[in-house]
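A.B. asks: For reference, the chains in residue letters:
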Amino acid sequence: MSPVSIQTGTKLPEWELPITPTMVVSTAIATRDFQDVHHDRDIAQAAGSRDIFVNILTSTALCQKYVEDTLGHDVEIRGISIRLGAPAYPYDTLTFSGEVAEVRDGIAIVKVTGSVSLGAHVIGTVTVAVRAGAEA
Amino acid sequence: MSGTAQEPLVDQGVHDQVMATAERIKGLGEAAERSARDEVNQPTINNWLEAMGIDNPRWQCGEAPPAMAQVWTMYGLGGRPPADDPLHGMMRVLTDLGFTAVLGTNCEQEYARSLRVGERVRVTTRLESVVGPKATGMGVGYFVTSRNTWYVGDGPEAEVVATMLFRVLKFVPKETVAGRGEDA
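The listed protein sequences derive, respectively, from chains A and B.
Okay, so the first sequence: first residue is 1 according to the working numbering, each after it adds one.
Okay, so the second sequence: first residue is 1 according to the working numbering, each after it adds one.
For the record, the hints were derived by calculation from the structure and aren't laboratory data.
These numbers were taken from a predicted model, which means no experiment stands behind them.
Each hint should be verified, as a subset may be incorrect.
[As the list claims (entries may be wrong)] Partial selection, computed: residues in chain A whose CB lies under 8 Å from chain B: (1) 31; (2) 33; (3) 34; (4) 36; (5) 39; (6) 41; (7) 64; (8) 80; (9) 82; (10) 103; (11) 104.
The beta-carbon is built from N, C-alpha and C at its ideal position, and this holds for glycine as well.
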C-alpha cells in the first residue's frame, strides 16, 4: 500500500492478518522464543490456554510492520510501547488500525491497536522520527 | 465500626517477604549481564522477516529491524536465566509464595539506533519495581517491572543501543483462590 501522510489525525488504513498455527510457531521461533505455549498445543491447553498463542516479541514486530507499511518503508522507528490484552490464537484474525496522534518537534506518536475476536490483543504506541520535508 | 475491616488481599507476612525481596533485588542494580550468542547477522534477520511477512528492502542489506532488539539476546532452546537474574529471581520468590501464574502486561522498547550486521550486543537486567498486591480480573498478584539495557562495545566505548521496560502480573489464579480446582 502507498504511504499515508504523517499528520496529526491521519488514520492508518486497516490491515488484517489471519492467524494460523504456522504463523504462531514460525514467528515464535524466528524471535528465538522457544516457550512451549507458543508451539505445543497440548502443553498450552494443559496450562489453561485455548490454544498456542502469539508471543510478545511478535506483537511488537507486527506493530513495526504495520507502521512501516502504512507510513513508509523509510520511517525511523524510535520506540514501540505495547500494552497486552486478549491472546491471539490460531484461526482468529488480527486486525490492525491506527492513527497519528501527534506530530511535534519532528517526532510522530502513532497509536495502533491490533484486535482479535476477544478484544484488543495489543495496544501500541509507536514513536517515529519524521524526516525533514516528510511532514506534509 | 469494628468487624468490618476488609481482609487483606495477601497475608501481611507474605507481603513483607515480597517487598523485602524486591528491595534486595532492586539493590543489585543492573545485573546478570550476558552477551548475545551470535553477532547481528543477515540470516537471522531474514528468518525473522520471512516469519513476520515483512518485505521492506531496508532490512535486507545489513541493517537490523528495530523490533528485533530483544531477539539477539534471547536464551534460546533450553537456555535458562542465570541464578542472579533480577527478574527471574523475583519471579521465583513470588512463585514459591503461591503467585504461580504469569501474564505479560506491558513491553516498552526504545531504540537509540539500529544495529548493523557484525555487531554483538550484550544486555543487563534491573528490577525496577514490584507493586501490589492488586486484585485484578485474573486474580490477586503483584506487578513486576524490569528494565533491560542493550549495549554495544565495552568500557568507556560502551553505547546503549536499546532499552526495554517489561511488566508482568504475577498472580494467584482466581480458581485456585476459590478452591474450585485448576480446570475451571
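A.B. asks: Just to be careful: measuring from the Cβ of residue 33 of chain A to every Cβ in chain B, is the smallest value less than 8 Å?
C.D. replies: holds, 6 Å
A.B. asks: Does the closest beta carbon of chain B sit nearer than 8 Å to the beta carbon of residue 34 of chain A?
C.D. replies: holds, 4 Å
A.B. asks: Taking 8 Å as the limit, does the beta-carbon of residue 36 of chain A come near enough to a beta-carbon in chain B?
C.D. replies: Since chain B brings no Cβ nearer than about 11 Å to residue 36 of chain A, farther than 8 Å, the hint is violated.
A.B. asks: Would the hint on residue 104 of chain A stand, with a C-beta cut-off of 8 Å toward chain B?
C.D. replies: Nearest chain B Cβ about 17 Å off; hint violated.
A.B. asks: Against chain B, with CB atoms and a cut of 8 Å, does the hint on residue 39 of chain A hold up?
C.D. replies: At 11 Å from the nearest chain B Cβ, residue 39 of chain A fails the 8 Å test, so the hint is violated.
A.B. asks: Closer than 8 Å between Cβ atoms is the bar; does residue 80 of chain A clear it against chain B? Give me holds or violated.
C.D. replies: holds, 5 Å
A.B. asks: So, residue 31 of chain A near chain B? Judge it on the closest CB pair being under 8 Å.
C.D. replies: holds, 5 Å
A.B. asks: Can the hint on residue 64 of chain A be confirmed by a CB-to-CB distance to chain B that is less than 8 Å?
C.D. replies: Because about 4 Å separates residue 64 of chain A from the closest Cβ in chain B, which is inside the 8 Å limit, the hint holds.
A.B. asks: Verify the interface restraint on residue 82 of chain A: the C-beta must sit less than 8 Å from at least one C-beta of chain B.
C.D. replies: holds, 5 Å
A.B. asks: Would the stated hint for residue 41 of chain A survive a check requiring a Cβ distance to chain B of less than 8 Å?
C.D. replies: violated, 17 Å
A.B. asks: Tell me if residue 103 of chain A is really an interface residue toward chain B, meaning its C-beta lies closer than 8 Å to one of theirs.
C.D. replies: violated, 19 Å
Checked against the numbered hints listed earlier, the structure breaks hints 4, 5, 6, 10, 11; every other hint is satisfied.
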